[in-house]
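J.: Sequence:
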Amino acid sequence: MPTEPDFGDVRPVFRFAPSPNGRLHLGHALSALLNADLAHASGGRLLLRLEDIDTARCTPALVEAILEDLVWLGIRFETPVRLQSRHMADYETALDALRADGLVYAAFGTRGETRRHASLFEEREGRPWPRDPDGALLYPALDRELDPAERDRRIAAGEPHAWRLDMSAALGRVAGSLLFEERGEGTAVLVPAEPELWGDVVLARADTPASYHLAVSVDDALQGVTDVVRGADLLPSTSVHRLLQALLGLPVPRYHHHRLVLGDDGLKLSKSRGDTALAELRAAGLSPADICRMVGLSGHREQP
9 MPTEPDFGDV
19 RPVFRFAPSP
29 NGRLHLGHAL
39 SALLNADLAH
49 ASGGRLLLRL
59 EDIDTARCTP
69 ALVEAILEDL
79 VWLGIRFETP
89 VRLQSRHMAD
99 YETALDALRA
109 DGLVYAAFGT
119 RGETRRHASL
129 FEEREGRPWP
139 RDPDGALLYP
149 ALDRELDPAE
159 RDRRIAAGEP
169 HAWRLDMSAA
179 LGRVAGSLLF
189 EERGEGTAVL
199 VPAEPELWGD
209 VVLARADTPA
219 SYHLAVSVDD
229 ALQGVTDVVR
239 GADLLPSTSV
249 HRLLQALLGL
259 PVPRYHHHRL
269 VLGDDGLKLS
279 KSRGDTALAE
289 LRAAGLSPAD
299 ICRMVGLSGH
309 REQP
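Just add 8 to wherever you are in the sequence shown, counting from 1, and you've got this note's numbering.
Just so you know, these hints were derived from the structure itself, not from any lab.
These numbers were taken from a predicted model, which means no experiment stands behind them.
A hint or two may mislead.
Computed Cβ-Cβ distance ranges for the label pairs, DEER-style [unchecked claim]:
1) Thr67 with Gly166: 38 to 48 Å
2) Arg119 with Arg84: 18 to 28 Å
3) Thr87 with Asp155: 42 to 52 Å
4) Gly110 with Gly184: 15 to 25 Å
5) Gly180 with Val18: 26 to 36 Å
6) Arg267 with Ser295: 19 to 29 Å
From the three backbone atoms N, C-alpha and C, an ideal C-beta is built for every residue, glycine too.
Input sequences plus hints: build the corresponding full structure.
T.: Here is the structure:
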């Protein structure tokens, strides 16, 4: 059973926030069930947010499928459900605030250009170009100091670009250490944030008005989320979110990064693995109680 934290006098607010670009799998079930359990144990609220900014991959049919899976699991959440695609103005407001502070810049470099730059650096310096915690090459930021007139000309000409956070400038605006409270192991500890490991992260693209980092930070604040319960694979991202919270003056929730559900090959589950999709397991005759057992939550949760 998940450890019950001391919530004090504030009614906790939890959220389950999947992206409707595929069917829910066992890993999602674990996260949703833990959020529901902790909300129930604390007398808190449980929200559902659908992170559907990627409108090319996120479809209404998959939204309905997620709702169906959660109802089948017996998870109850407050309505209305927040769909990110209906709140683009919230993310643009946050991005505008960062622009006004001179903390973002238009980046025109492609992945191919980044790879070529990294390769030349490694050849010249004899050491690897740095990568972020997910293993991606850090952006070389060759256009960070681009002349404003040249930048505006390229944007007006329709040249593809992203808006990236100027990590060095952003860290210079933060006074003191950035910390966040983590309860993943059951005991609250303060963890130092290390956003610099991510380099100049993307906050928005021309075809995607907000990155995961920006949208999740804004949404958690606007929804009053006090406790973020999500998979351990997202723990490194929390450093970026903590920085954005500091820059935008947003409240800082508590975090609980839980263990992952792994496949037989030892890899993290993905939506492409149909054998772990809740819909497929349900069609095979499994019950919600079976799902609880499969994700290691049997013995403390009654069948819905």
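J.: All hints are to be evaluated individually against the structure, with a verdict given for each.
T.: Here is what the structure says about each hint:
no.	hint	result
1	Thr67 with Gly166: 38 to 48 Å	violated, 28 Å
2	Arg119 with Arg84: 18 to 28 Å	violated, 42 Å
3	Thr87 with Asp155: 42 to 52 Å	holds, 49 Å
4	Gly110 with Gly184: 15 to 25 Å	holds, 21 Å
5	Gly180 with Val18: 26 to 36 Å	holds, 33 Å
6	Arg267 with Ser295: 19 to 29 Å	holds, 23 Å
When held up to the earlier numbered hints, the structure conflicts with 1, 2 and fits the remainder.
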